[in-house]
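*Asks:* Okay, here's what each chain looks like letter by letter:
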Amino acid sequence: MALQEPYPSKWQLFRIWAGIGLQSFGGGASTTFLIQRTFIEKHKWMTMEEFAYLWNLCILTPGINLVALTVLIGRKLGGVWGIVLSLCGMLLPSAAITCLLTAGFLSVEKLPAVQAVLRGVVPATGGIMLLVAFNFVRPLIARSYKVGMLYLLADAVVILACALAVILLKVPVAVVVIGAVVLGALFFSPRQVAPSLGQEGAKGND
Amino acid sequence: MINPLVYFLLFFKASLFSSGGFSNLPSLHQDLIANGWATEADFGQSIAIGQISPGPNGLWVISMGYLTYGVLGASLALIAITLPALLVLAISAGYKRIERHAWVQGAMHGVSLAVVGLLLTVVWTILRQPGVDWKGLLIAAGAFGLALSRRVNLLVILALAGVVGYFLYR
Chain S
20 MALQEPYPSK
30 WQLFRIWAGI
40 GLQSFGGGAS
50 TTFLIQRTFI
60 EKHKWMTMEE
70 FAYLWNLCIL
80 TPGINLVALT
90 VLIGRKLGGV
100 WGIVLSLCGM
110 LLPSAAITCL
120 LTAGFLSVEK
130 LPAVQAVLRG
140 VVPATGGIML
150 LVAFNFVRPL
160 IARSYKVGML
170 YLLADAVVIL
180 ACALAVILLK
190 VPVAVVVIGA
200 VVLGALFFSP
210 RQVAPSLGQE
220 GAKGND
Chain R
285 MINPLVYFLL
295 FFKASLFSSG
305 GFSNLPSLHQ
315 DLIANGWATE
325 ADFGQSIAIG
335 QISPGPNGLW
345 VISMGYLTYG
355 VLGASLALIA
365 ITLPALLVLA
375 ISAGYKRIER
385 HAWVQGAMHG
395 VSLAVVGLLL
405 TVVWTILRQP
415 GVDWKGLLIA
425 AGAFGLALSR
435 RVNLLVILAL
445 AGVVGYFLYR
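These protein sequences, in sequence, are chains S and R.
Residue numbering for the first sequence is 20 to 225, as defined by my numbering.
Residue numbering for the second sequence is 285 to 454, as defined by my numbering.
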């Protein structure tokens with residue numbers, strides 16, 4: 020293994036995460052890239068295999084996977100304080116900028132030009148969101164395709180049922196998610212257990 | 285009047301039953317609209333601002349919090365998205381024990397499907413925003429195509445869409 024640098028000081032850890040947070044534009048892929056480059060390539064504090072293992076744990080965790088990843092890497096490099104400072108570094112500066120941008124938007128939102136720009140930007144975010152869904156579904160399809168067409172059809176039915184339950188029937192989202200978990204455990208569990216979890220690792224558009 | 289505790293719990297619940305940065309939107313949409321604490325337009329705006337600002341995509345809720353309840357709302361939203369992530373500590377402790385169970389893989393597959401369904405409702409919510417007409421749908425299709433090609437940075441796509449919007453709707 021290549022030479023590993025000594026673990027960072029608490030303040031250094033905060034600065035590193037702040038840098039990653041502030042440089043991530045345009046979604047999870049760029050954040051993941053920055054994290055890998057910083058912790059694996061530059062400082063060699065972890066290996067790619069270790070990163071992949073931690074990422075699998077984050078996929079199992081509710082909420083934003085990248086925040087969970089921040090928690091795990093923070094703990095590895097600095098214990099409890101590592102977690103706190105990593106979270107603060109990753110979230111606070113970016114959140115502050117988000118607030119400033121929102122405040123700036125509120126001060127100009129009435130301008131016709133701003134409204135016009137927004138009418139272009141908002142549907143574009145819809146298109147980008149569709150791609151997020153598409154990226155999410157691709158590894159699932161690939162997996163079910165190997166098992167059989169029936170599974171592929173079942174996947175499509177479950178996806179549409181979840182969407183329609185929320186849109187048309189106004190079913191609470193928590194009920195939909197719990198329903199999908201139970202359904203999945205009952206009907207989608209593989210007969211032969213794969214060696215390890217995390218086949219859906221390609222997701223990552225936090 | 286917004287009740288800060290209920291407001292926080294709605295954000296927390298949405299985050300707890302989500303996976304990935306946007307799948308908390310449908311839950312928030314249901315609850316905040318029902319309470320009259322947010323408008324349709326707040327959702328489109330906060331998603332757009334969230335895309336432009338740095339950090340994980342999930343920070344769009346910070347903008348949502350700020351739009352609906354000021355700095356307090358943004359702070360409550362930040363806490364609400366941070367707390368569920370700490371569950372990863374419990375999961376990392378128990379992972380070795382559960383990873384080989386078939387039902388865990390089945391359940392994860394179920395959740396992933398639900399998340400795709402929820403993301404489709406996010407797309408639906410955005411494209412039903414006031415002000416989105418057939419030209420808007422064309423912009424959405426164009427943005428999807430450009431993003432799919434992976435040749436164009438997402439910020440560039442949003443900037444292009446803004447320019448198109450300016451000339452179409454001013």
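Treat the hints with care, as some may be off.
Claimed, not checked - Straight-line alpha carbon distances no greater than 27 Å define the calculated DSSO-like cross-link-like pairs of lysine-lysine that follow: (1) Lys-380/R x Lys-189/S; (2) Lys-129/S x Lys-95/S; (3) Lys-95/S x Lys-29/S; (4) Lys-95/S x Lys-61/S; (5) Lys-95/S x Lys-419/R; (6) Lys-63/S x Lys-297/R; (7) Lys-63/S x Lys-95/S; (8) Lys-165/S x Lys-129/S; (9) Lys-129/S x Lys-419/R.
As the list claims (entries may be wrong) - Where chain R lies over chain S, by a calculated footprint (3+ residues, C-beta under 8 Å): (10) 28-37; (11) 54-60; (12) 122-129; (13) 144-156; (14) 170-179.
Said to hold, decoys possible - Beyond 12 Å from chain S on every Cβ pair, some chain R residues (computed): (15) Ile-286; (16) Pro-288; (17) Phe-292; (18) Leu-444.
Calculated from the structure, these hints are not laboratory results.
Every value quoted in this text rests on a predicted model; they were computed, and no experiment measured them.
The beta-carbon is built from N, C-alpha and C at its ideal position, and this holds for glycine as well.
*Asks:* So which hints don't hold here, by number, going up?
*Replies:* 1, 2, 5, 6, 8, 10, 11 and 18
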